[in-house]
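Residue 1 is where the sequence shown starts when you use the UniProt record's numbering, and the numbers rise one by one after that.
Rather than coming from a laboratory, the hints here were simulated on the basis of the structure. Check each hint, because a few of them may be wrong.
As the list claims (entries may be wrong) - Label pairs and their computed distance ranges (CB to CB):
{"hint": "1", "residue 1": "397", "residue 2": "328", "range": "48 to 56 Å"}
{"hint": "2", "residue 1": "70", "residue 2": "93", "range": "40 to 48 Å"}
{"hint": "3", "residue 1": "405", "residue 2": "193", "range": "42 to 50 Å"}
{"hint": "4", "residue 1": "379", "residue 2": "162", "range": "49 to 57 Å"}
{"hint": "5", "residue 1": "301", "residue 2": "112", "range": "48 to 56 Å"}
{"hint": "6", "residue 1": "383", "residue 2": "328", "range": "48 to 56 Å"}
{"hint": "7", "residue 1": "113", "residue 2": "232", "range": "43 to 51 Å"}
The structure displayed is predicted, hence computed values, not measured ones. We put the CB at the ideal spot given by N, CA and C, even for glycine.
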Amino acid sequence: MTSSPSARPLEATPGPYFGDFGGRFVPEALIAALDDLTAAWEELRVDPDYLAEMDQLHRTYTGRPSPITEVPRFAAHGAEGVRILLKREDLNHTGSHKINNVLGQALLTRKIGKKRVIAETGAGQHGVATATAAALLGLECTVYMGAEDVQRQALNVARMRLLGTEVIPVTTGSRTLKDAINEAFRDWVTNVETTNYVFGTAAGPHPFPAMVRDLQRIIGDEARAQVLDLTGALPDAVLACVGGGSNAIGIFNAFLDDDVRLIGLEAAGDGVETGRHASSITGGDPGVLHGARTFVLQDDDGQTRESHSISAGLDYPGVGPEHSWLSQLGRAEYQPVTDAEAMEAFRVLCRTEGIIPAIESAHALAGALRLSRELGAAGVPSGHEPVLLVNLSGRGDKDVETAAKWFDMLPQHESENLSEEGADV
1 MTSSPSARPL EATPGPYFGD FGGRFVPEAL IAALDDLTAA WEELRVDPDY
51 LAEMDQLHRT YTGRPSPITE VPRFAAHGAE GVRILLKRED LNHTGSHKIN
101 NVLGQALLTR KIGKKRVIAE TGAGQHGVAT ATAAALLGLE CTVYMGAEDV
151 QRQALNVARM RLLGTEVIPV TTGSRTLKDA INEAFRDWVT NVETTNYVFG
201 TAAGPHPFPA MVRDLQRIIG DEARAQVLDL TGALPDAVLA CVGGGSNAIG
251 IFNAFLDDDV RLIGLEAAGD GVETGRHASS ITGGDPGVLH GARTFVLQDD
301 DGQTRESHSI SAGLDYPGVG PEHSWLSQLG RAEYQPVTDA EAMEAFRVLC
351 RTEGIIPAIE SAHALAGALR LSRELGAAGV PSGHEPVLLV NLSGRGDKDV
401 ETAAKWFDML PQHESENLSE EGADV
């Protein structure tokens, strides 16, 4: 079932609040900057010249539209009669969906007359995309990255430095994405007159969740048209991994008011029951994190708990407020996927289709295999082949070392050498 744009109330929700979630809980020093950013974005998002420049960059620099790829040999590990399609954001320039958002915010930075951008990054893909856009537009760039992520994502650290960006390892807290965001906010408070914060995910204070959602919706708009062209119908389900949730909200947005299941796959780490996970909706409660009210992992005193995942990009104790709202409404489902389940899906896609996915994306692949088997067990209706659309949000080059260690593919001395090289960057 499809619906006209005028009958899409969920898709049209602008923020700053999404039901009980969202808002702007920040120091007074940032209110004026957020007001300026909101006003600039509201003007720019409908500006014909800006939209034309974005369209040209996507066609000639990002490489859009990204294709969809059917993966029958991978799907055979699910259930017979279920088709799985991948939206190939891994084929974008810089290797992930992050470039969609960053180009838009970098152009906005130039529009408001600032010369410096800062960013936070977990897996490094947002950092690489920001460094790339800064080099393209001649902006000074600083990226904050947890020291643990610097270690496990050494390749992306080197890429950022080659692009002329200063990478600052953050050694406080859990030394991961949450702490990198804290440091980036401190920098922004100090340098707000000259610096714009290029936020990487659909979280944080307004306008970031709505702005990132708007810039990532190109994923869903393209995928919706491509699946209709290929199959003649909308998919039965759309699946995407969820940390902060930018790739998921980007692809979900085009299907919010359709009769399509939307499934976000959260990082369950060692298992939600162990407490060592990053499943904010499944295992968290409403609270405030990084300027927005949303689902957060927290202890009995309301203090944010440390998250855990094999995936640096999903290793975050909160989630974008629009996802919290969609969960509250029952419009989207959020399911946990353990490290082991994700890595098994990672292995299967590599071996069956010749595609090495980001470990983040492997969580969505694991969810697709799980749903396929559930559909198969329930009995696939005669004459109807269910279609599952998976957002392959990034490629796995950065995760090769992690995967090789997980699958015990490296001799001990080579693994130690890789770790030492990672520590040096």
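Hint check results:
1. A beta carbon spacing of about 37 Å between residue 397 and residue 328 contradicts the range 48 to 56 Å that was offered as a hint.
2. For residue 70 and residue 93, the Cβ-Cβ distance of about 24 Å falls outside the hinted range of 40 to 48 Å, so the restraint is violated.
3. Taken as a hint, the range 42 to 50 Å holds for the pair residue 405 and residue 193, whose Cβ atoms sit roughly 45 Å apart.
4. The beta-carbon spacing between residue 379 and residue 162, approximately 53 Å, falls within the hinted interval of 49 to 57 Å.
5. For residue 301 and residue 112, the hinted distance range of 48 to 56 Å is not satisfied, since their beta carbons lie about 39 Å from each other.
6. Judged by the Cβ atoms, the range 48 to 56 Å given for residue 383 and residue 328 is violated: they are separated by roughly 36 Å.
7. Range check, residue 113 to residue 232: Cβ separation about 48 Å, and the 43 to 51 Å hint holds.
Hints 1, 2, 5 and 6 from the earlier list are contradicted by this structure; the remaining hints agree with it.
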